[in-house]
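Novice: Residues per chain, in single letters:
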Amino acid sequence: MKFATASPLLCLLFTLWMTACQTPDIQPAPEYSDDLVVEGKRLIAQAPRQDKNLWRLRVGLIALKQNQPTEARALFDAAMPAAGQILQTDASTRMAQSLFSPENVKGFHGEPYERAMGWFYRGLIYWMDGEPTNARACFRTAQLMDALAEKQQYRADWVILDYLDGFISAKLDKDGSAALQRAREHAGDTDLPDYNPAANTLVVLQTGFGPVKKSGGDVGEALVYDAGHSDVAQIRITAAGQTVTTPVFDNLTLQASTRGSRAMDLILARKANVKKVGDTIGDIGTVPGVVLVDYEETRDAGLALLGVGLVGKFIGNSVEPRADTRTWNNLPQHLSFAALQLSAGEHPVTVDFLDTTGAALPDRKKSVLLTVQAGRDTVVLVADR
Amino acid sequence: MKNVPAILITAALLGVAACTNVNSPNGPSVTELRPSERGFVAGLGIESQDLVTISDKMARGILGAEPIANAQGKPVVVLEPIDNDTRFPIDQDIFLTRIRVALTGNANGKIQFVAREHIDKLERERDLKTSGQVTGGEKVQGNEFKGADYILTGTFKAISSRGAAGASDYVLYTFQLINPNNTDIVWEGFHEIKKQGKDDVTYR
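Protein sequences appear in the order of chains A and B. Counting in the working numbering, the first sequence runs from 76 upward without gaps. Counting in the working numbering, the second sequence runs from 6 upward without gaps.
By construction, these hints were calculated from the structure, which means they are not laboratory data. All C-beta atoms, glycine included, are put in the ideal place defined by N, C-alpha and C. Keep in mind that a hint or two might mislead.
With a cut-off of at most 25 Å between alpha-carbon atoms, the simulated DSS-like pairs for lysine-lysine come out as follows [claimed, not checked]:
#1 B:LYS79 with A:LYS246
#2 A:LYS140 with A:LYS440
#3 B:LYS203 with A:LYS226
#4 B:LYS162 with A:LYS249
#5 B:LYS203 with A:LYS127
#6 B:LYS115 with B:LYS79
#7 B:LYS62 with B:LYS203
Chain B is nowhere near these chain A residues, computed Cβ spacing over 10 Å in every case [as the list claims (entries may be wrong)]:
#8 GLN102
#9 VAL287
#10 GLY295
#11 ASP301
#12 LEU417
#13 ALA435
A few chain A positions that, by computed beta-carbon distances, are all more than 10 Å from chain B [claimed, not checked]:
#14 ASP100
#15 PRO103
#16 GLU114
#17 LEU118
#18 GLN160
#19 LEU174
#20 LEU219
#21 ASP306
#22 LYS351
#23 GLN416
#24 ASP427
#25 VAL447
Kindly generate the complete structure, drawing on both the sequences and the hints.
Specialist: Rendered as structure tokens:
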């Protein structure tokens, strides 16, 4: 009897002893580098197939801001379809339309403002590479991405894209006046400078944090935007004794939020209706059904009602009407541009970001050392963050 | 008789295989196509089939042009980059290179192209020769670089639109043979292509 009581105790002690002696499973700390592009590539490799383009765009922009145009070019080229490519139906787009899958199972190509920004950055890289006509082609494609806006006044209304289109034409001894006129019409009260075709140092500027998508509607079927933020109203560039102050050309939150409804929204609305009807039938059927089942004389009707309610609940819970809220989340809020005419050689350039009172924001000041080459444009992207 | 089911199964398999379209995205993962063929990833942009069609057409047009067809000797032609005024980024040399090789292959030596795009390297080589740093300087009789009898260039212009109904791109390809001595356009050829398409509804 004593042995019978003692043996489980001994077993327990033996087990605890063995557990205590077990070598702990030491997981080596992952080796992270401080190179954001390298780490970004790791994230691209780990990302699900449908999200890889999103990560490529994010990392491509980081590479561009860190002055690694070769890396940026490869990432943007991989992320973006060719300029004339039609985004075709495939298994993932069919799934995104189905009742039982959310929209974000489709491959990421972004909303029109994100596609426009992808082409804008690709154009900058072409310009940095000394291919201004291809840069202009990209700016035109970027502008066309915005032609899907629901309301006429918001279609193809990016100021910087038309401005740079005309600027490159002017630099190539062509007529850029029509593009400049379009840019000025869309700029409203913002005063855009005349072109200086002799300018050879082109500073593209971006400030703040861009908009972020979130789901809205009753069951997440609507796509809405949290506004981005930037407290910069003007930017002052100083180089070689020249000072140029330039206004904000474009606001990405405005571009994102003026797109209007999408064709996909109708599909999501249909899914949302099915979900809501299913949930309602579930609510109406389940509780009375349970009550009626308790009484002998209403049990059959109660079971039928319960069955219908449960089917309704099942359908309601299975339908996925959620809009795709994946966001290219390192885009800026504002875009701007300045052109300088500098002699060949090295020039330190100071960029001051000014608030609405015209005061320089001290924590945003940037200094860039530019090497201006004779016979070609020097293009640089400067961000306040 | 025993072999009938096997024959039927084999025939069915062959039938299915024969029906697989290589142009289908569900077909083989890698498919070699003729450059003049439209692939399953075809879009609205400037593509290889456009390049082949247009450059062959222009080459035929140039060979039939009066100043080339009736030229005394071999006219020297210099290629100048295309002015791309469309929304499609392209390699600016690819059309002219394709026209040049089509002409070189079909012109039976009627046209002399010069490698003006490599002039920096050619000058350096000539200077090395004439300075005696490398052999061959004795063969250089002054400046032997040839001037152009004609300049071949082109312009691409486009009308592009996009909306809820889809996207459309019209591209007008024009090529000109210009006499640099008097700016006369001695030959001009064009080709126009309009394409339209529609993104999947989930991207609209």
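Novice: Now, for every hint given, state plainly whether the structure supports it.
Specialist: For each hint, the structure was consulted:
At most 25 Å may separate the alpha-carbon atoms for a hinted pair to count; B:LYS79 and A:LYS246 exceed this at roughly 36 Å. Distance check on the hinted pair: A:LYS140 and A:LYS440 sit about 15 Å apart at the alpha-carbon level, within 25 Å; holds. A hinted pair counts as satisfied when its Cα atoms are at most 25 Å apart, and B:LYS203 with A:LYS226 qualifies at roughly 19 Å. Of the pairs offered as hints, the one joining B:LYS162 and A:LYS249 holds, with about 13 Å between alpha carbons and a cut-off of 25 Å not exceeded.
The straight-line distance between the Cα atoms of B:LYS203 and A:LYS127 is roughly 23 Å, inside the 25 Å bound, and the hint therefore holds. For the suggested pair B:LYS115 and B:LYS79, the alpha carbons sit about 5 Å apart, so the restraint of at most 25 Å is met. A distance of roughly 29 Å separates the Cα atoms of B:LYS62 and B:LYS203; the hinted pair therefore is violated under the 25 Å criterion. Remark: the non-interface label on A:GLN102 is consistent with the geometry, its nearest Cβ contact in chain B lying 38 Å away (cut-off 10 Å).
Once the 10 Å rule is applied to beta carbons, A:VAL287 is consistent with being away from chain B; the minimum gap is 20 Å. Here A:GLY295 stays apart from chain B, with its beta-carbon at least about 16 Å from theirs, past the 10 Å limit. Against the 10 Å criterion, A:ASP301 stays outside the reach of chain B, whose nearest CB is about 23 Å from its own CB. With 10 Å as the threshold on Cβ separation, the claim that A:LEU417 sits away from chain B holds: the shortest Cβ distance comes to roughly 25 Å.
Here A:ALA435 stays apart from chain B, with its beta-carbon at least about 37 Å from theirs, past the 10 Å limit. The Cβ of A:ASP100 sits about 41 Å from the closest Cβ of chain B, beyond the 10 Å cut-off, so the non-interface label holds. Look at A:PRO103: its CB is around 37 Å from the nearest CB on chain B, clear of 10 Å, so calling it non-interface holds up. Its beta-carbon lying about 29 Å from the closest one in chain B, A:GLU114 satisfies the requirement of being farther than 10 Å from that chain.
For A:LEU118, the non-interface assignment is confirmed: its Cβ lies about 24 Å from the closest Cβ of chain B, beyond the 10 Å cut-off. For A:GLN160, the requirement that its beta carbon stay farther than 10 Å from each beta carbon of chain B is not met, with the minimum near 4 Å. No Cβ of chain B comes within 10 Å of the Cβ of A:LEU174; the nearest lies about 14 Å off, and the non-interface call holds. At roughly 5 Å, the least C-beta separation between A:LEU219 and chain B is not larger than 10 Å, which violates its mark as non-interface.
Even its closest Cβ contact with chain B, about 34 Å, leaves A:ASP306 beyond 10 Å, as expected for a residue assigned away from the interface. No Cβ of chain B approaches the Cβ of A:LYS351 within 10 Å, the least distance being about 22 Å, so the stated non-interface status holds. Separation of A:GLN416 from chain B is adequate, the least Cβ-Cβ distance of about 24 Å exceeding the 10 Å criterion. The beta carbon of A:ASP427 sits about 34 Å from the closest Cβ of chain B, which is more than 10 Å, so the claim that it is off the interface holds.
Listed as outside the interface, A:VAL447 is consistent with that label: its C-beta sits roughly 21 Å from the nearest C-beta of chain B, beyond the 10 Å cut-off.
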